[in-house]
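*Asks:* I would like the entire structure built from these sequences, with the hints used as guidance.
If you read the protein sequences in the order shown, they are chains A and B. Start counting the first sequence at 1; every next residue gets the next number (this note's numbering). Start counting the second sequence at 1001; every next residue gets the next number (this note's numbering).
Simulated from the structure, these hints should not be mistaken for laboratory data. These numbers come from a predicted model, not from an experiment. Some hints could be false.
Here's a subset of chain B near chain A, in silico, CB distances under 7 angstroms, partners left out [claimed, not checked]:
hint	residue
1	S1060
2	G1063
3	P1102
For glycine and all other residues, C-beta sits at the position ideal for the given N, C-alpha and C.
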Amino acid sequence: MSSQSTVRLAPPLLWAAILPAIVWLLSACSSVAPTAELRGTGDLGVVIERADGRVKIVETSGRSVLATVEGLGDLSHASVVFSRDARYAFVFGRDGGLTKVDLLQAKIVGRVLQAGNSIGGSISHDGRLVVAQNYAPGGVKAFDADTLELLAEVPAVTEGGLRSKVVGLADLPGRRFIYSLFEAGEIWITDFSDPKKPQTQRFAGGNQPYDALVTPSGRHYIAGLFGEDGLAMLDLWNPEQGSRKILAGYGKGEEPLPVFKMPHLRGWSVAGGKAYLPAIGRHEVLVVDTGTWQEVARVPVRSQPVFVMARPDGREIWVNFAFPDNGWVQVIDTVSGKVTHTLQPGRGILHMEFLSKGHEVWLSARDDNKVVIYDTATKQQVGGFESASPSGIFFTTRAARTGF
Amino acid sequence: MRIPPLFAHVAVFIGAALVAAFASASAQEARPAAAAPELAAPEAQRARELIHIVRQDCGSCHGLTLAGGLGPALTPEVLADKPFEGLVATVFSGRPGTPMPPFRSIVSEAEAEWIVDQLMRGFPPDAGLPPAR
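*Replies:* Shown next as structure tokens:
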């Protein structure tokens, strides 16, 4: 047989060209998928694109968008908490969706539809439980942070079967969560140490709590009240004393102005021994001493405040406003106690988020379909990017903060 | 005796069409508002602005899809048995004792009527605000 003689090898010159090419291609293959470039998550964040059920994963060092993740449902009132390692974002959607997003792989790794109408959530200090607060059916639900398996449920039902919407949920030490009941006007603390047997303590709150905050130390819980002039405050180091009213009667005897959007409360209100709180129905920021809980000042502002946020160093307070004045932002200097800057960063400023040390603030301009980035020292825009109807902006630095 | 296959097919088709027609007719009866003539829309630019306000800013309490939030749902099904005039009054003058504010500084009475009429029919989608000048 002479079949072997019919096999013809390529000339040596051709092999000299092909072999290095094959080697180069093979080495390229091994460096692609399995070992993507290593990076941390400390400078990452999430921007909610509320109308499209989508989030953008951003990085704040280069002020850029890394990826877009779709399929998160109705995000018209979305909020986010982060895992302790700041790798995963838990996104709570209006439609009751709870979605776990891996920020490094930019993909959804878990999703449950846990209620009909939801407003937000929180994560336990040990990072094991994620808790959702729901409007319908009113109550809270606790999930395993790894698997999103439902572990426990506490319906917000009071005497006579009244079911309340839950607002102002915050994390407390020891797998405990505190929240307020809009209709019943109560403050509840639920301990999920044994998820099979959640234990709930009830406290009087006030008329129509709309949101609440826990101070950065975790000691005080303050619920804003829509239905009365004042706020309810509970000292969590002395809970047996019950809640008491602070700033009671701050608008007494005057016709309240219309509130076209409810303010949002978080621990960002506290700076330098004072809490800066939005008034309801008055165009003012109320300043209360966190030692005595007495009012110490009022700062007149442009409209109904929504977010009243201290820059992380506490030197400035940035304020945005309800519709129809949501194109304005004002800055209060905490030393002089006066408004020092009035800015127009864009149309429909829905949210602001500071970098961890406060040198930049990112603002979502919903009606201009963009995120704008300001240097807080110069009050000048230093960056920004297109984003479809952006609302909440959440940076991973929240992972380390109580009440976020 | 066997029914010719063609005849059977035609009979089933006509039956299905009758059922569908009856179902849509009864759906119409359940919503008298939809049968009434539609209220005239404001001029195009203002209509677009109002749609945006309702979807986005009313939406902060009632939900972007108007399926509810701190405020109740504003879908045609929920509004079907509510009196038109009462809904217009709620938009225009607010509802004391609840977080619903009066919108009289934002919309005219005629615009409030148009908004309620559109809500009862199923509110149009938001096309966003026109680009800034």
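*Asks:* So, for every hint listed, does it hold in this structure?
*Replies:* The hints, checked one at a time:
1. A distance limit of 7 angstroms between C-beta atoms decides the matter here; for S1060 of chain B the minimum to chain A is near 5 angstroms, and the interface restraint holds.
2. Because the beta carbon of G1063 of chain B sits about 5 angstroms from the nearest beta carbon in chain A, less than 7 angstroms, this interface hint is met.
3. Annotation: interface hint on P1102 of chain B holds; nearest CB of chain A at approximately 6 angstroms, less than 7 angstroms.
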